[in-house]
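J.: Protein sequence lines, in the order shown, are assigned to chains A and B.
For reference, each letter of the first sequence is one residue, going 1 to 127 in the working numbering.
For reference, each letter of the second sequence is one residue, going 1 to 390 in the working numbering.
Just so you know, these hints were derived from the structure itself, not from any lab.
A few of these clues could be false.
Stated by the list, open to error - Listed next, the in silico DSS-like pairs over lysine-lysine satisfying Cα-Cα at most 30 Å (straight line):
{"id": "1", "chain 1": "B", "residue 1": "K283", "chain 2": "A", "residue 2": "K72"}
{"id": "2", "chain 1": "B", "residue 1": "K287", "chain 2": "A", "residue 2": "K78"}
{"id": "3", "chain 1": "A", "residue 1": "K99", "chain 2": "B", "residue 2": "K287"}
{"id": "4", "chain 1": "A", "residue 1": "K72", "chain 2": "B", "residue 2": "K32"}
{"id": "5", "chain 1": "B", "residue 1": "K187", "chain 2": "A", "residue 2": "K95"}
{"id": "6", "chain 1": "B", "residue 1": "K283", "chain 2": "A", "residue 2": "K56"}
{"id": "7", "chain 1": "B", "residue 1": "K317", "chain 2": "A", "residue 2": "K95"}
{"id": "8", "chain 1": "A", "residue 1": "K31", "chain 2": "B", "residue 2": "K32"}
{"id": "9", "chain 1": "A", "residue 1": "K95", "chain 2": "B", "residue 2": "K40"}
{"id": "10", "chain 1": "B", "residue 1": "K260", "chain 2": "A", "residue 2": "K95"}
{"id": "11", "chain 1": "A", "residue 1": "K78", "chain 2": "B", "residue 2": "K283"}
{"id": "12", "chain 1": "B", "residue 1": "K377", "chain 2": "A", "residue 2": "K36"}
{"id": "13", "chain 1": "A", "residue 1": "K72", "chain 2": "B", "residue 2": "K260"}
{"id": "14", "chain 1": "B", "residue 1": "K283", "chain 2": "A", "residue 2": "K95"}
{"id": "15", "chain 1": "B", "residue 1": "K385", "chain 2": "A", "residue 2": "K36"}
{"id": "16", "chain 1": "A", "residue 1": "K99", "chain 2": "B", "residue 2": "K377"}
{"id": "17", "chain 1": "A", "residue 1": "K95", "chain 2": "B", "residue 2": "K123"}
{"id": "18", "chain 1": "B", "residue 1": "K40", "chain 2": "A", "residue 2": "K79"}
{"id": "19", "chain 1": "A", "residue 1": "K38", "chain 2": "B", "residue 2": "K283"}
{"id": "20", "chain 1": "B", "residue 1": "K76", "chain 2": "A", "residue 2": "K78"}
{"id": "21", "chain 1": "A", "residue 1": "K36", "chain 2": "B", "residue 2": "K260"}
{"id": "22", "chain 1": "A", "residue 1": "K79", "chain 2": "B", "residue 2": "K377"}
{"id": "23", "chain 1": "A", "residue 1": "K95", "chain 2": "B", "residue 2": "K31"}
{"id": "24", "chain 1": "A", "residue 1": "K38", "chain 2": "B", "residue 2": "K315"}
{"id": "25", "chain 1": "A", "residue 1": "K95", "chain 2": "B", "residue 2": "K377"}
{"id": "26", "chain 1": "B", "residue 1": "K31", "chain 2": "A", "residue 2": "K31"}
{"id": "27", "chain 1": "A", "residue 1": "K38", "chain 2": "B", "residue 2": "K287"}
{"id": "28", "chain 1": "B", "residue 1": "K287", "chain 2": "A", "residue 2": "K79"}
{"id": "29", "chain 1": "B", "residue 1": "K260", "chain 2": "A", "residue 2": "K99"}
{"id": "30", "chain 1": "A", "residue 1": "K38", "chain 2": "B", "residue 2": "K260"}
{"id": "31", "chain 1": "B", "residue 1": "K59", "chain 2": "A", "residue 2": "K78"}
So the chains spell out like this:
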Amino acid sequence: MSNEDQKSLRRINPQDLQNQLVNLEGLPPEKQLEIKTKMAESAVSLQADLGQRVIKSRTAEHDMAVTMDHIKDLDHNKKIYSVNQNFETGAGNVKISVKGGDVNFIIPVLIVIGLIILGLVLILNLK
Amino acid sequence: MSYYRRRYRRRPRWDYRPLTQSEQLQSEARKKATDFVISKFRSLTPTEFQSFGSWYYSKHGRSAYDYFLKTYWSWKQGVVGMSGQTSARILAGVPRVMSRSEQFQLLRFYLPYFLSKPRDKCKRDTVDSTQLSEFYVNAGQTILGMAFDLDWFVSAVFSEQEISTFQTIIRYILLRRLETSFSDVRKDLIDLHNTLRTVEADVSVSYRVNFLDTELSVSDVHAVAKQSLVLTLPPLSPEDANQTELRSILADYTLTDRLKYHFASGVHAIAINDIQQVIAQMKVTRKTEEWESDTTVECRGGIAQIRVVKISVPKQKLHIATCYCKMGLLILAFLFAVRWASTHRGAGGIVVFGGFLGLGWLIALWQSAHESRIAIKTYEQRRSKVFATN
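Using the sequences and the hints, build the whole thing.
T.: In structure tokens, the structure reads:
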């Protein structure tokens, strides 16, 4: 941007301009009514949309809690599980993946026992 | 021998490129404006018809006028189609006999296209969040230099002053939107940071700015919080403010934007609540459980994607221990086999063969343990950051 352009530009205080130009009172009554009606219609539809989003969010919240309870049950029952769930929330969506309940802890115990046995055999064999 | 060589017409190479949103809106605007003019032509009042007829006569001569008079009712009823030349003449003439509000209606058809232009012109693939204000300043300058050209049959009915005012109004609306978008994106990132900073997991965030259709690489939110944006725009003159139709366009769009801003704040609150719920569920998982969640939420100024990964460190450590135990067992077995082979003739070959197999297994086990160690190390490093970048 050249210096001349820079000089011709000035910082706009949005409040000033809006008071000057975005002032419905300066417009003819029919235009005012048209814009006000449009605003009211938009406000109603946006409000309804917001309400629906809140409901969706609450439903997703409940579904998530139920899924976590289910996972807890699986864990209590010593099961290996991998749970993948999608939830549609009010502001978007959530994908959850939980893996757990692995009973592999027995493997190192077995290995240690195996090692001890093998070690004993080896020692006896060497003697 | 043939004197004619078979020639193949060289086909033009079509490089297929899908239309951008702005291009689609441009073609929609043109179609709407054309349909509006044609439908107006079919429903001209007697006074308008007379006015259009006299313009048509003066512009295209007697014979064209006679043809117009003869064919008008057939055109009106759709019995006879219009030629390209006639359509162009109608597009040139009908807007002149329209009422002022109808002429401004033609302008309004182009607003969605003009207001979507920054999405194409200022768009970038990825911008680092530390350069957010620089990116917005550049976008502001692009908007100031942007041309908002109307189709010839629309611009013909407006004075240069009116078109210039219209363009200034568009720039004003766009720059206000840009300013709002910057402030929204900034607030979104700060809110996301505050919501996710206490999460004991690997959190990565990607954010797409709606207004400029650009991906933000979010790493340092403190740098974003320090940034500010100062925009300048050419002021509207008091004469411009007297133009009722243009003022109503400005009032209409500015008030609608303000309304949408309040709505977006509500949606943002829902988004933050959704993220908190996901985090709350993650916190109740056990240490032995592994968690992965991908949350996509619509915030004030864009769409955020949050990935939270929690690996089970005890499980990984157990895996490493298991690998080492297996390795130890293998080495012991090999030593035992060597001892056994020394007392049995001809068993050396079997031991060497088994040794090679065992070595392969040993390497695989060591690699698996090493990968787990690296995974734990990387996870701990990423966990220490609020937003880890990929």
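J.: Hints first: check each against the structure and report whether it holds.
T.: Verification of the supplied hints:
Under the criterion of a C-alpha separation no larger than 30 Å, the hint pairing K283 (chain B) with K72 (chain A) is consistent with the structure, at around 13 Å. Taken as a hint, the K287 (chain B) and K78 (chain A) pair is honoured in the structure, with Cα atoms around 15 Å apart against an allowance of 30 Å. Annotation: proposed proximity of K99 (chain A) to K287 (chain B) holds, straight-line Cα distance about 11 Å (limit 30 Å). Between K72 (chain A) and K32 (chain B) the alpha-carbon distance is near 58 Å, which puts this suggested pair outside the 30 Å criterion.
Between K187 (chain B) and K95 (chain A) the alpha-carbon distance is near 25 Å, which keeps this suggested pair within the 30 Å criterion. Taking the CA atoms of K283 (chain B) and K56 (chain A), the gap is about 22 Å. The hint holds against a cut of 30 Å. Distance check on the hinted pair: K317 (chain B) and K95 (chain A) sit about 27 Å apart at the alpha-carbon level, within 30 Å; holds. Only pairs whose Cα atoms come within 30 Å are accepted, and K31 (chain A) paired with K32 (chain B) is accepted, the gap being roughly 22 Å.
As the CA atoms of K95 (chain A) and K40 (chain B) are separated by approximately 52 Å, the hinted pair breaks the 30 Å bound. For the suggested pair K260 (chain B) and K95 (chain A), the alpha carbons sit about 28 Å apart, so the restraint of at most 30 Å is met. Among the hinted pairs, K78 (chain A) with K283 (chain B) is consistent with the structure: their alpha-carbon atoms are about 20 Å apart, no more than 30 Å. Using a Cα cut-off of 30 Å, the hinted pair K377 (chain B) and K36 (chain A) is violated, with the two alpha carbons roughly 60 Å apart.
Restraint check for K72 (chain A) and K260 (chain B): the C-alpha separation of about 42 Å exceeds 30 Å, so the hint is violated. A C-alpha spacing of about 16 Å is found between K283 (chain B) and K95 (chain A), which places the hinted pair at or below 30 Å, so the restraint holds. Straight-line distance between C-alpha atoms of K385 (chain B) and K36 (chain A) comes to about 48 Å, which puts the hinted pair past the 30 Å bound. A hinted pair counts as satisfied when its Cα atoms are at most 30 Å apart, and K99 (chain A) with K377 (chain B) qualifies at roughly 20 Å.
With a C-alpha separation of about 29 Å, the suggested pair K95 (chain A) and K123 (chain B) falls inside the 30 Å cut-off, and the hint holds. Annotation: proposed proximity of K40 (chain B) to K79 (chain A) is violated, straight-line Cα distance about 73 Å (limit 30 Å). Using a Cα cut-off of 30 Å, the hinted pair K38 (chain A) and K283 (chain B) is violated, with the two alpha carbons roughly 46 Å apart. For the given pair, K76 (chain B) sits about 79 Å from K78 (chain A) by alpha-carbon distance, which is inconsistent with the 30 Å threshold.
At roughly 15 Å between alpha-carbon atoms, K36 (chain A) and K260 (chain B) fall within 30 Å of each other, so this suggested pair holds. Among the hinted pairs, K79 (chain A) with K377 (chain B) is consistent with the structure: their alpha-carbon atoms are about 29 Å apart, no more than 30 Å. Between K95 (chain A) and K31 (chain B) the alpha-carbon distance is near 42 Å, which puts this suggested pair outside the 30 Å criterion. Of the supplied pair hints, the one linking K38 (chain A) and K315 (chain B) is violated, its CA atoms being roughly 59 Å apart against a limit of 30 Å.
At roughly 26 Å between alpha-carbon atoms, K95 (chain A) and K377 (chain B) fall within 30 Å of each other, so this suggested pair holds. A distance of roughly 26 Å separates the Cα atoms of K31 (chain B) and K31 (chain A); the hinted pair therefore holds under the 30 Å criterion. Of the supplied pair hints, the one linking K38 (chain A) and K287 (chain B) is violated, its CA atoms being roughly 54 Å apart against a limit of 30 Å. A hinted pair counts as satisfied when its Cα atoms are at most 30 Å apart, and K287 (chain B) with K79 (chain A) qualifies at roughly 16 Å.
Pair hint K260 (chain B) plus K99 (chain A) does not hold up; C-alpha atoms about 41 Å apart against a cutoff of 30 Å. Of the supplied pair hints, the one linking K38 (chain A) and K260 (chain B) holds, its CA atoms being roughly 13 Å apart against a limit of 30 Å. As the CA atoms of K59 (chain B) and K78 (chain A) are separated by approximately 90 Å, the hinted pair breaks the 30 Å bound.
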